[in-house]
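We have chain Z; now place chain D onto it with these hints.
Number of protein chains: 2
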Amino acid sequence: MSELRHDPLSKRWVIIATERSRRPEDFLLPPSPYPEPKFCPFCPGSEDKTPPEITAIRPHGSPPNGPGWESRVFPNKYPALTIEGEIDRRGVGMYDRMRGIGAHEVIVESPKHDEHLADMDPAHLERVLALCQDRLRDLARDARFKYSLLFKNHGVAAGAALAHPHLQIISTPVTPREISVELESARQHYHVKERCIYCDLLRDEIEARERVVMLDEHFVVLAPYASRFPFETMVIPRRHRHSFAEEPRPVLAALARCLQDLLGRLKSVLRDPPYNFVFHTSPNTDTVVRRRNYWDTLPFDFHWHIEILPRLTRVAGFEWGTGFYINPTSPEEAAAFLREAIL
Amino acid sequence: MSELRHDPLSKRWVIIATERSRRPEDFLLPPSPYPEPKFCPFCPGSEDKTPPEITAIRPHGSPPNGPGWESRVFPNKYPALTIEGEIDRRGVGMYDRMRGIGAHEVIVESPKHDEHLADMDPAHLERVLALCQDRLRDLARDARFKYSLLFKNHGVAAGAALAHPHLQIISTPVTPREISVELESARQHYHVKERCIYCDLLRDEIEARERVVMLDEHFVVLAPYASRFPFETMVIPRRHRHSFAEEPRPVLAALARCLQDLLGRLKSVLRDPPYNFVFHTSPNTDTVVRRRNYWDTLPFDFHWHIEILPRLTRVAGFEWGTGFYINPTSPEEAAAFLREAIL
Numbered sequence: 001m002s003e004l005r006h007d008p009l010s011k012r013w014v015i016i017a018t019e020r021s022r023r024p025e026d027f028l029l030p031p032s033p034y035p036e037p038k039f040c041p042f043c044p045g046s047e048d049k050t051p052p053e054i055t056a057i058r059p060h061g062s063p064p065n066g067p068g069w070e071s072r073v074f075p076n077k078y079p080a081l082t083i084e085g086e087i088d089r090r091g092v093g094m095y096d097r098m099r100g101i102g103a104h105e106v107i108v109e110s111p112k113h114d115e116h117l118a119d120m121d122p123a124h125l126e127r128v129l130a131l132c133q134d135r136l137r138d139l140a141r142d143a144r145f146k147y148s149l150l151f152k153n154h155g156v157a158a159g160a161a162l163a164h165p166h167l168q169i170i171s172t173p174v175t176p177r178e179i180s181v182e183l184e185s186a187r188q189h190y191h192v193k194e195r196c197i198y199c200d201l202l203r204d205e206i207e208a209r210e211r212v213v214m215l216d217e218h219f220v221v222l223a224p225y226a227s228r229f230p231f232e233t234m235v236i237p238r239r240h241r242h243s244f245a246e247e248p249r250p251v252l253a254a255l256a257r258c259l260q261d262l263l264g265r266l267k268s269v270l271r272d273p274p275y276n277f278v279f280h281t282s283p284n285t286d287t288v289v290r291r292r293n294y295w296d297t298l299p300f301d302f303h304w305h306i307e308i309l310p311r312l313t314r315v316a317g318f319e320w321g322t323g324f325y326i327n328p329t330s331p332e333e334a335a336a337f338l339r340e341a342i343l
Numbered sequence: 344m345s346e347l348r349h350d351p352l353s354k355r356w357v358i359i360a361t362e363r364s365r366r367p368e369d370f371l372l373p374p375s376p377y378p379e380p381k382f383c384p385f386c387p388g389s390e391d392k393t394p395p396e397i398t399a400i401r402p403h404g405s406p407p408n409g410p411g412w413e414s415r416v417f418p419n420k421y422p423a424l425t426i427e428g429e430i431d432r433r434g435v436g437m438y439d440r441m442r443g444i445g446a447h448e449v450i451v452e453s454p455k456h457d458e459h460l461a462d463m464d465p466a467h468l469e470r471v472l473a474l475c476q477d478r479l480r481d482l483a484r485d486a487r488f489k490y491s492l493l494f495k496n497h498g499v500a501a502g503a504a505l506a507h508p509h510l511q512i513i514s515t516p517v518t519p520r521e522i523s524v525e526l527e528s529a530r531q532h533y534h535v536k537e538r539c540i541y542c543d544l545l546r547d548e549i550e551a552r553e554r555v556v557m558l559d560e561h562f563v564v565l566a567p568y569a570s571r572f573p574f575e576t577m578v579i580p581r582r583h584r585h586s587f588a589e590e591p592r593p594v595l596a597a598l599a600r601c602l603q604d605l606l607g608r609l610k611s612v613l614r615d616p617p618y619n620f621v622f623h624t625s626p627n628t629d630t631v632v633r634r635r636n637y638w639d640t641l642p643f644d645f646h647w648h649i650e651i652l653p654r655l656t657r658v659a660g661f662e663w664g665t666g667f668y669i670n671p672t673s674p675e676e677a678a679a680f681l682r683e684a685i686l
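Residue numbers (this note's numbering), protein chains in the order written: chain Z, 1 to 343; chain D, 344 to 686.
Extracted from the complex, chain Z is given alone in its bound form:
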């Protein structure tokens, strides 16, 4: 059982994943690219090499845990957090801890071993996004989980352990620090101005244009004013919504098109860079409290969005020591390169 520990100085939570424990020797291997696998556990025919599936898209109604799927969800075989048990929050001297309770799921997007998200059939990607929504809504029903992070690691340098494209969801019993900081910023802004900070930001960015990569009826893609990394971008829905999981289907279709356009541009300009993307959406507790207001026009204070982080530079002592980043490419330049990409 892993453990969640809180650092009273940095106010950070850490998962000490003892299940995954490694001895010093394990760190001595050079960080290698994907070993040539004899088999890929995420490819069709290897369904028995993963934990039993939670759900799947099976267009021809094939039975679970065998081939015939279009996308497939199962628990991570080496989970950072485990689903069974009580959280058991307690203090240990001046520290705080809880048991490593949570969910850690894998969403294999496609049976094809090397299908890039940018090149997938858009209708297929839309169905994958709907599948993610299903999982997020289901996990939100578990009152132990405060937050569910939907994310993707693409490429070795971005931390992907397997080459076969997949998304992951990690549900945690606390709201992570970065999300709390954003929520707090949005709340302070709303408290003072009675406006959403993201809506304000969108209005300004759309007017200025210099950091906008792409915009359509539903979404804006922009290079954030204070980008940490070269070619960092953000996808924001133009209509104020606090939760990705509650977006209606036409918005998912638009999101699939938008994501594919953006990932295609990154692939073209930077020749398929390693990247991470992460969905920032309302914590589960907020979702529950606010759901009753969902269809009325009250402005909620959070506004969901996606951060896309190409992994082109190494993070060094200055960044780790301060949380202050040095970015050698201005977001205005990055946006221009991405706008002008040949697709």
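Rather than coming from a laboratory, the hints here were simulated on the basis of the structure. Just so you know, even glycine gets a beta-carbon here, dropped at the ideal spot from N, CA and C. Take these hints with a grain of salt, some might be off.
If you want the footprint, here are the derived chain Z segments under chain D, 3+ residues with CB under 8 Å [stated by the list, open to error]: (1) 234-246; (2) 270-277.
Capping the alpha-carbon separation at 27 Å, the derived lysine-lysine pairs in DSS-like fashion look like this [said to hold, decoys possible]: (3) Lys354(D) <-> Lys489(D); (4) Lys11(Z) <-> Lys392(D); (5) Lys49(Z) <-> Lys112(Z); (6) Lys354(D) <-> Lys381(D); (7) Lys11(Z) <-> Lys420(D); (8) Lys38(Z) <-> Lys49(Z); (9) Lys11(Z) <-> Lys112(Z); (10) Lys354(D) <-> Lys193(Z); (11) Lys38(Z) <-> Lys77(Z); (12) Lys11(Z) <-> Lys381(D); (13) Lys392(D) <-> Lys381(D); (14) Lys392(D) <-> Lys455(D); (15) Lys354(D) <-> Lys146(Z); (16) Lys420(D) <-> Lys489(D); (17) Lys49(Z) <-> Lys77(Z).
Same frame as chain Z, but now just chain D:
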């Protein structure tokens, strides 16, 4: 001129270093180890390849900018921040910016191209630490700078651009976010309890022993309770002091021994891993305000320390998306391995 930009959502400052601007092509090179250099700009005889030196240790009184030095300080040739000019703080729509004013210095520790800190003559390392103190005190006199970070990148994976061992100092016109969070934690604790949070933590850790790597009269080395990374450690002076720059010489001698012991253990257990270390010390403004109380026994609320971060795991989407870390090695295990290292 680079620019400092503030992100109103994450509350993070970012340096957009346009001097260092790179086009997309520059990111396409595979991240390679140190190229075999025809010459090393940090080796004796190449003094004209660096900006003119700021100061140096020259045991035989040799003239500046030539050989004969034991350690040498000069401005970074490709600085993230530049020393000349007004800060020019201003708002840009809903954002905040200032000019990229600051200092960025390089301290070459030794004339030897491949001397590891762990293997250096301890008296030499003590003189290097005193040289760093001189630079920090000098930079603190510049009222434009709020914070000076002393740090080291060792190895390609830790972001070192040159193999010849060196330290760096970056002085910034704002207090970086991670430092602010620690200061705030220390202040809250002191406000409620009238005790230093680091002193409390030291007392508990020394009593429990399980996370202590080494301790002597002056310093404790421990694996933090909520370590983000495998084999992360912290060096903390046992006597409460808010500023590294003001430590007396006998403490520097003890620090040199302690750092060498720790780096030797990391080198032995993990076979010379890439690592970053960063000094966390009081911001400059605090130093000025409190200096008059330095020698009395009043407890100040910050307690300087060093964070040493071996770079053994890749940081992926979950970590970037949440500020939440997954650490596969418990600090208790890491401390045991380091205690038992064969030196």
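We went through each hint and held it up to the structure:
no. : hint                    : in the structure
1   : 234-246                 : violated (count 0)
2   : 270-277                 : holds (count 5)
3   : Lys354(D) <-> Lys489(D) : holds (17 Å)
4   : Lys11(Z) <-> Lys392(D)  : violated (43 Å)
5   : Lys49(Z) <-> Lys112(Z)  : holds (17 Å)
6   : Lys354(D) <-> Lys381(D) : violated (43 Å)
7   : Lys11(Z) <-> Lys420(D)  : violated (36 Å)
8   : Lys38(Z) <-> Lys49(Z)   : holds (13 Å)
9   : Lys11(Z) <-> Lys112(Z)  : violated (42 Å)
10  : Lys354(D) <-> Lys193(Z) : holds (18 Å)
11  : Lys38(Z) <-> Lys77(Z)   : holds (18 Å)
12  : Lys11(Z) <-> Lys381(D)  : violated (46 Å)
13  : Lys392(D) <-> Lys381(D) : holds (13 Å)
14  : Lys392(D) <-> Lys455(D) : holds (17 Å)
15  : Lys354(D) <-> Lys146(Z) : holds (22 Å)
16  : Lys420(D) <-> Lys489(D) : holds (22 Å)
17  : Lys49(Z) <-> Lys77(Z)   : holds (9 Å)
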